[in-house]
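Chain residues, written in single-letter form:
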Amino acid sequence: MDRLGAAGYRETNERDMGKSGISLYSGRWRQIHCRMMTGLCALAVLTLLAVLLIIMTYILLQGIPGLNWQFFTRPPAPVGLPGGGVYHAITGSLVLVGLACLIAIPWGVAAGIFLAAPRRPGPLAALVRFTADVLSGVPSITAGIFIYTLVVVRMHTFSALAGGLALAIVMLPVVTRNTEEILRLVPRGLQEAALALGISWWRVMLHIVLPTAARGVAIGITLAMAGVAGDPVPLFFTALNNNHFSLDLTQPMASLPMEIFRYAAGPFVTWHRLAWSGALVLIGIILLPMLLARIILPGYRIRR
Amino acid sequence: MSYKLRVEALQAWYGQHQVLKGISMPIRANTITAVIGPSGCGKSTFIRCLNRMHEVVPGTRVAGRVWLDGRNIYNGINAVEVRRRVGMVFQTPNIFPAMSIFQNVVAGLYLNGIRGRRQLQERAENCLQQAGLWEEVRDRLHDTAAGLSSGQLQRLCIARALAVEPEILLMDEPCSALDPIASIRIEELMRELKASYTIILVTHNMQQAARVSDYTAYLCDGELVEYESTPEVFIRPKDSRTENYITGRGADTRPL
Amino acid sequence: MICAIGLLGLVLLMVILIWQAAGPSIKAFGFSFFFTREWDPVHGRFGALPYIYGTLVSTLLALLLAGPVSLGAAVYVAEFAPRKIKNILGFMIDLLAAVPGIIFGLWGNFVLSPWLAGSLEPRLEHYFGFLPLFRGPATGVGMLAAGIILAIMISPLITAVSREVLEIVPASQREAMIALGATPWEVVRRAVLPYARTGIVGAFTLGLGRAIGETMALTMVIGNRPQISASLFAPAYTMTSVIVNEFTEAVEPLHLAALIHIALVLFLVTLLVNTVARLMIYLMNRRVKKWTV
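Chains as they are written, first to last, in our numbering: chain A, 7 to 310; chain B, 175 to 430; chain C, 20 to 312.
Quick caveat, the hints were computed from the structure, so don't treat them as lab data. Accuracy of the hints is not assured; some may be wrong.
Claimed, not checked - To be clear about the criterion: a stretch of chain A counts as covered by chain C if any three or more of its residues have a C-beta under 8 Å from a C-beta of chain C, and this derived list gives those stretches:
id, segment
1, 56-66
2, 129-141
3, 226-234
4, 263-275
5, 281-292
To be verified - Which chain C residues stay away from chain A? Per the calculated CB distances, all over 12 Å, these:
id, residue
6, F48
7, G49
8, S51
9, G63
10, R64
11, L83
12, K103
13, I104
14, G137
15, S191
16, R244
Values in this document were obtained by computation on a predicted structure and should not be read as measured data. Just so it is clear, CB atoms sit at the ideal spot from N, CA and C, and this is done for glycine as well.
My request is simple: use the sequences and hints to build the entire structure.
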C-alpha cells in the first residue's frame with residue numbers, strides 16, 4: 007500500500023472500473039439492460055417450471071383414468087386382453103427398494119459418520135469422500151453389470167437379491183455424501199462440547215450429532231430412495247422382470263419401472279394405458295416420501 | 175500445595191502458523207488461574223491444549239509435555255480419558271438441542287456407560303445444585319433447554335461439565351456472551367467450585383481476572399510473559415508489556 | 020471406518036470385475052473397437068463407433084439446450100428471486116431432478132416425438148433445410164428428440180448445483196461491486212459469475228456425466244439404430260441403450276463381452292468426467308476459503 011502510493015491506487019481503481027464495464031454516462035441504458043437480463047433469467051425459471059408442469063399434467067391426465075381397484079390388486083392380464091394390474095410390480099418395487107435400503111442405509115450412514123467425524127482428517131477420509139462423490143456420478147448401468155458379473159453369473163439366475171444389491175450400490179454413495187454434508191452442518195461447538203466431556207468421537211457422532219441432524223439425514227435417504235425407485239436400468243442385469251407375483255428373493259422379480267418400460271414399448275393401446283397409470287403411481291411412490299419427510303419429520307432445522 | 179498440572183515447553187501450530195512458542199507453567203491444585211492477553215495471543219489455544227481439544231481442528235499440531243498428576247497427557251493416555259479428567263466450558267453456551275435439561279447434564283455419564291436411573295438423577299441434582307441452577311430448573315428438568323436465559327444455559331454447561339467429575343475445569347471466556355449480572359453469578363460460582371476443582375480461566379476482562387483469580391498469566395504472541403499471583407501481576411507487573419496491557423496503553427498496537 | 024474402506028474396496032472390485040468380464044472383447048478388438056462402425060452379432064464383429072457418436076452428439080445437444088436455461092434459472096433463484104419464493108423454487112427444481120428418466124422417456128415417446136414429427140421438424144426443415152442438420156424424414160424419434168429429453172432431464176441438476184455454487188460466493192464480492200454503483204445485473208455479470216466460474220463449469224460437467232450415463236429416456240426416444248447421420252432427425256443409438264436392449268438377448272460370449280466393454284468405457288469416461296467436475300468445485304471452494312479468512 008505504501009509503495010503503491012496515491013497515484014497507484016487511482017490507477018488500479020480506474021483499471022478495475024474499465025474492466026467492470028461500468029461507464030457513468032449510460033445510466034439509463036444500464037438500467038434497461040439490467041431489467042432485460044433479470045427478465046431473461048426469470049424466463050429461464052419459468053421455462054423449467056413450465057416443462058415440469060406440462061409433463062406432470064400429461065401424466066395425471068393419461069394416468070388417472072387407468073387407476074382403479076384392479077390396477078392395484080391384480081397381476082397383469084394375459085397378453086392383448088384388457089384389464090389386469092401392476093400389483094406384482096408394486097410389491098416387487100417395494101421389496102427391491104426395501105432390500106437396497108437394508109444394505110445401503112446402515113452402510114452409507116456409517117460411512118457418512120466416519121467422514122464427518124471430528125478427528126484429524128487423514129488421506130483416507132479424503133480418498134473415501136472423493137470415491138463416494140465420483141461413484142455417485144457413475145451411471146447406474148455399471149452397478150447393474152457389476153452385480154451381474156458378481157452375483158447373477160455365479161448364481162446362474164437373475165434374482166431379486168441381485169436386484170436389491172445393484173440398487174444398494176446406486177444408493178450407497180448418495181446416502182454417504184448426504185449424511186456427511188448434513189452432519190457437517192451441525193455446529194462445531196456442539197461436537198466440541200461433547201468431546202470435552204470425555205466422550206469418544208464415535209459416541210459423540212452417534213448420540214449427539216446424529217440425533218441433532220436426524221431430519222436432514224432422513225430427507226437425504228428419501229432422495230436416495232427416489233433415485234433408485236424409478237430407475238429400471240440396474241434391474242435389467244439383475245432382477246430382470248417377472249409376469250407374476252413373487253416374493254422369492256432367489257427368483258426374478260417385477261418392478262414398476264421395468265413394467266412401465268415393457269408396457270410403453272409394447273404394441274397394445276391397453277398396455278400404453280397401463281404404462282401411463284404406472285408412471286403416475288411411480289411418481290407418487292417417489293415424491294410422497296420426499297414430501298412427507300419434509301412435512302412431518304420432527305427435528306431441528308439446520309440452516310444451510 | 176502441590177502442582178496439579180505442569181505445562182512444559184508447550185508449542186502449538188495451526189497449519190504453518192505457530193501459535194504457542196514454548197510455554198511452561200505449573201498450576202497449583204484448588205486455585206483459579208486466569209490467562210489474559212490480547213486477542214490472537216494464543217490464550218484459547220493454550221487451554222485447548224490442556225485437554226487435547228486443540229487437535230480436533232484439522233491441520234493442527236502440538237509439541238511439548240503437559241503433566242497431569244505426574245502423567246504426560248500427550249503420552250500414553252487416551253485423549254478421551256484426558257478430556258474426562260479435564261473438563262471444559264466454552265465461550266458460548268453450547269447445549270445439545272436434541273436433549274432435555276436433565277439429559278444434557280448427564281450426557282457425559284450416560285454416554286460413557288453409566289445408565290442407572292437413580293444414580294443419574296442424584297448426580298444431576300447434585301451438579302445442578304453446585305452450578306446454582308437447581309432451584310431454577312427443578313420443575314422442568316425434562317423440558318428442552320430452549321426456555322433458559324443465556325446465563326442459565328452457561329451454568330447448565332458448567333453443571334454438565336461437573337457431572338463427569340473432572341479434576342480440572344477449563345473455562346474459555348465463559349462470560350463473554352453474558353450480561354454483567356449473569357457474569358457476576360458465574361464468578362461467584364467459580365469461587366465456590368475452587369474448593370473441589372482446579373480452575374483455569376481464559377478472559378479478556380481484566381477486572382474479572384483481578385476479582386476471581388489467585389494467579390494470573392499474561393500471554394503475548396504465543397509466549398508467556400508473566401506468571402505470578404494475581405495481586406503481584408496487577409500491582410507490580412515486572413514486564414513492561416504486561417504493564418502496558420493492564421493499564422490499556424498500546425495493548426493492541428501490533429503492526430497491521 | 021470399515022464401512023468407509025468397504026466403499027473404496029467396492030469401487031476397486033467394480034473396475035476389476037467389469038474389466039475382466041470385458042476381457043474377451045478387449046483382447047479381440049483392442050483399440051479398433053472405438054473406431055469400427057460395424058456391429059454384427061451374427062459374425063462376431065463388434066465396433067462401438069456409432070454408439071459413442073450417438074452418446075456424444077446427444078449429450079452435446081442437451082448441454083447446448085440446457086446450458087443457458089439452467090444458468091439463467093440458477094442466477095434468478097440465487098440472486099434475484101424474492102426470499103419467499105426462493106425456497107419454493109428451489110424445492111420444485113429438486114422435485115424435477117427426482118423425476119426418474121423413464122417418466123421423461125414415456126412422455127418423450129408418446130407426446131414429444133409425435134409433436135416433433137408433426138409440427139416442429141417439418142417447420143425446421145422448411146426454414147433451415149439448407150443445413151444438413153435439419154434435413155431428412157421427420158420421424159420424431161431420433162437425435163433431436165433425444166437431445167431435448169436429455170436437456171429437460173439434466174437442467175434441474177445443473178440448476179441446483181450452479182445455484183449452490185452461486186450462493187457460496189462471499190457477500191463481500193457483491194458489496195464491493197454495489198459500492199462501485201453497479202446495477203444488480205452488473206453485480207452478477209462482473210462479480211458473481213467470474214468468481215463462480217470454476218464451480219459453474221463443475222456443475223455443467225456433472226450434468227454432462229449425468230447425460231452420458233442416462234439410459235431409459237434415450238432408449239425410448241432415440242430410435243435405436245446404429246448409424247452415423249448428419250441429420251438431427253435421423254434415429255441413432257447410444258452406448259447405454261445398446262447395452263440395455265441387447266444384454267438379455269446376447270447369447271454369444273463375445274457379444275456379451277463387447278456390451279460389457281462398452282459399459283467399461285462408459286464407466287471410465289464418467290469416472291473421469293466426475294473427477295474433473297468434483298475437482299473444479301473443490302478448487303472453487305478452496306478459493307472462497309482463501310479470500311474470506
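Open item on the list: Tell me the hint numbers this structure goes against, listed in increasing order.
Closed with: 13
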